[in-house]
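J.: With chain G fixed as given, assemble chain H onto it according to the hints.
Here is what each chain is made of, one letter per residue.
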Amino acid sequence: MIVTPQSMDFAEPLDLQSGASIRGYSLAYETYGALNADKSNAVLICHALNASHHVAGTYEGQENSDGWWDTMIGPGKPVDTDRFFVIGVNNLGSCFGSTGPMHVNPDNGKVYGADFPVVTVEDWVNAQARLLDGLGIEKLAAVMGGSLGGMQALSWTLQYPQRVAHAVVVASAPNLTAENIAFNEVARRAIVTDPDFHGGHFYQHGVVPKRGLRIARMIGHITYLSDDVMNEKFGRQLRERIDPAAALAAAQGLLARDAGRSVGDYLYSTQDVEFQIESYLRYQGDKFSEYFDANTYLLITRALDYFDPARRHNGNLTKALAPATARFLLVSFLTDWRFAPRRSREIVKALLDNRRDVSYAEIDAPHGHDAFLLEDPRYMGVVRSYFERIGKEIGSGAATPPVGAKALPVPGAAILAANAGAPA
Amino acid sequence: MSDRLTMQSIAALVPPGSRVLDLGCGDGAMLDLLQRERNCSGYGIEIADANVLACVKRGVNVIQLNLDEGLSMFDDESFDVVLQIDTLQHLHNTEIMLVETARVGRIGIVAFPNFAHWPNRLSIARGRMPVTKRLPYQWYDTPNIRVGTFKDFEVLATKNRLAILDAYGLQEGREIRFLPNARASTAVFKIERG
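First to last, the protein sequences are chains G and H. Mapping to my numbering: the first sequence position 152 is 152, numbers consecutive. Mapping to my numbering: the second sequence position 54 is 1054, numbers consecutive.
Careful, some of the hints might be misleading.
Claimed, not checked - So the derived list for chain H, only partly shown, Cβ under 10 Å to chain G, looks like this:
#	residue
1	TYR1043
2	ILE1063
3	GLN1064
To be verified - Below, a list of computed lysine-lysine pairs in the DSS-like style, where the Cα atoms sit at most 25 Å apart:
#	chain 1	residue 1	chain 2	residue 2
4	G	LYS139	H	LYS1057
5	G	LYS392	H	LYS1057
6	H	LYS1057	G	LYS77
7	H	LYS1159	H	LYS1133
Hints were generated in silico from the structure; no laboratory data involved. Computed from a predicted structure; not experimentally measured. Positions of the beta carbon are idealized from the N, C-alpha and C atoms, including for glycine.
Chain H extracted, bound-state conformation:
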């Protein structure tokens, strides 16, 4: 999800000057953007060697950790913002990590592929798992260990007493606020502890 408009849209949710923890920060592009354009500071968490290297090359602080081991290294509300951008679908302990995100950060921003986007529904209606630009993998060969929908996330957030501060969809870099569950390939949520 390195599309510039998508990144800009999510970056706009981060208050300027925030101290940010980016869970599953990839090559550090988002943190780099936040540091350069929004005067933020912070750290990325990554497990993949190549991504850790890419972050060091960019000059982005990166901590090599497996998120499935939890966030015990981080104290309550030790960050202004905790990001989970395209991370949730790779986690075994999604629910725990969601609660952890809200514990460590004053606010959490979560973005993930929305499985209820209409082309996916169409594909399922035809009896096949979707292969799209946003979910480009065959069902038998995918790094995603789960898929979920915009609505699913609302339910999970409510179950865990998280307050949704903002929620919308992103499609081709545009914000979708009308029927995002059907009309957007990416779901974006801004949450805090309720």
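Just chain G, with the same shape it has in the complex:
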């Protein structure tokens, strides 16, 4: 499936939860499949920390440009784009095409940097609702997301209950625990204390706080995996060492290809990479620091911290979820300790208390939080079956061509795809 990113401009100010507002912004989005005649088959996909509007498909002429949830969404896939009109949208403040801290503030002509307004899950949902207005979609057949994306899906059912028929909330939570906020804070401190951060105005200094971003990414990665999977993948393996001369000879065909590589004894060094896991984390950190925006990282982790629909109801989640009328599917993964099953159960219980339709699958997958982006057959099967039910409810409306909008250049599509294996 070849896809093309699009963009929609919004001149009208959007009032934000903080009391600030933002005007003259744009949202990058993609659509897959065709909207049916009665516009009843739209599915909105909400993204997590470092993903984007590029949810599924590939970009023309770009290898390895698969969307971040391409395993889940596409023709014949669990969320079947032959049947549903699927929308991926990049959130405000992100760094993949929608207006973010690296863009110019129309109020003063300067790059936002650290002055980009703090945005919340609720603000994102409001912005997404405006995008749907622009696309002429009144009601979603389903809203779906994992992790932070699941929080947006949940929030949709509270902010716009009449506009959502179904919500699919995967590996998510009704709010973050103290431990979870703590991880976010470590990541933020790593970025903010990087001398290249310059209080968030690093753009004008021509630098990027890469050290901070690397550390932030490393700690994030640790929390997305389970202990078991990390041990299975890396264990205590030492990093392969390469003898430069032998490697050169191997490259020239003079020696066997693996010549020069050896795994020896400890280096007895405190600063060199010693274990494979270190090498992996450094690689992930380096890669991330090349494309992710530091201010975006701060904004999105803060949006995670702030999300707490029960807060206005003295912590009573049942009361908080009372407005939701959508039918729900929740999925969690047993080894996910960042968004543990018990957090999903809290949502399930609150929905039960409100007598809402809800199904809940707890998948015994080994991969930790990362599992929501992977292809576990039980997980895929439940989501597929759920969407087949939604499809039956909708029936078959005659399809119309997708709604047009101006085309958006494809910025570093390969990067967006390469970074698919990383959620929150």
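T.: Quick look at chain H alone, frame taken from chain G:
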């Protein structure tokens, strides 16, 4: 226990329009029946992945939980009816779950294989564990972690101060009200908190 007559008989115990919790709901057939024919709503609880999937396919609400972890997710009398159909023999904490069933539901309906059915007694008299249509497993290879009788259940219900609203046996889909402990392969009880 998907036999249609058996299911119909148990479904008839559920008041129309009830909000139902089905513990160990299997593939969701009973809830599906109750929703379609008796205007009920509710949820199934299942642990097996394949059954959870089957329920989602049917459009029956299902919550994947291990019943051995209890029913703390559910408030007192939050359901009109709680079903335990062929579930009891798979539970480690049968007694606790029985009390929980009566706590969460205004009424509880429990059905399970009656080990005192006469062919089972005959088999035991011959010195062998029974293998029947209702208990089709060899003693060394069975998913049932316990067996019990119609009378055993009466004793357990009384011990836990549960009121038995109705009790009978089911045999080949027929209700057995005379000597059910000997004449029925399935025991059915309708209970409430005493």
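J.: A separate judgement is required for each hint: does it hold in the structure or not?
T.: Here is how each hint holds up against the structure:
Hint status for H:TYR1043 relative to chain G: holds, with the closest Cβ pair at about 7 Å, below 10 Å. Hint status for H:ILE1063 relative to chain G: holds, with the closest Cβ pair at about 5 Å, below 10 Å. With 10 Å as the threshold, the beta carbon of H:GLN1064 comes within range of chain G, its nearest partner Cβ sitting at about 4 Å, so the hint holds. For a cut-off of 25 Å, the pair hint linking G:LYS139 to H:LYS1057 stands: about 23 Å separates their Cα positions.
The hinted pair formed by G:LYS392 and H:LYS1057 meets the criterion: a straight-line CA distance of about 11 Å does not exceed 25 Å. A C-alpha spacing of about 16 Å is found between H:LYS1057 and G:LYS77, which places the hinted pair at or below 25 Å, so the restraint holds. Only pairs whose Cα atoms come within 25 Å are accepted, and H:LYS1159 paired with H:LYS1133 is rejected, the gap being roughly 31 Å.
Comparing the model with each numbered hint stated earlier shows that hint 7 is the single one that does not hold.
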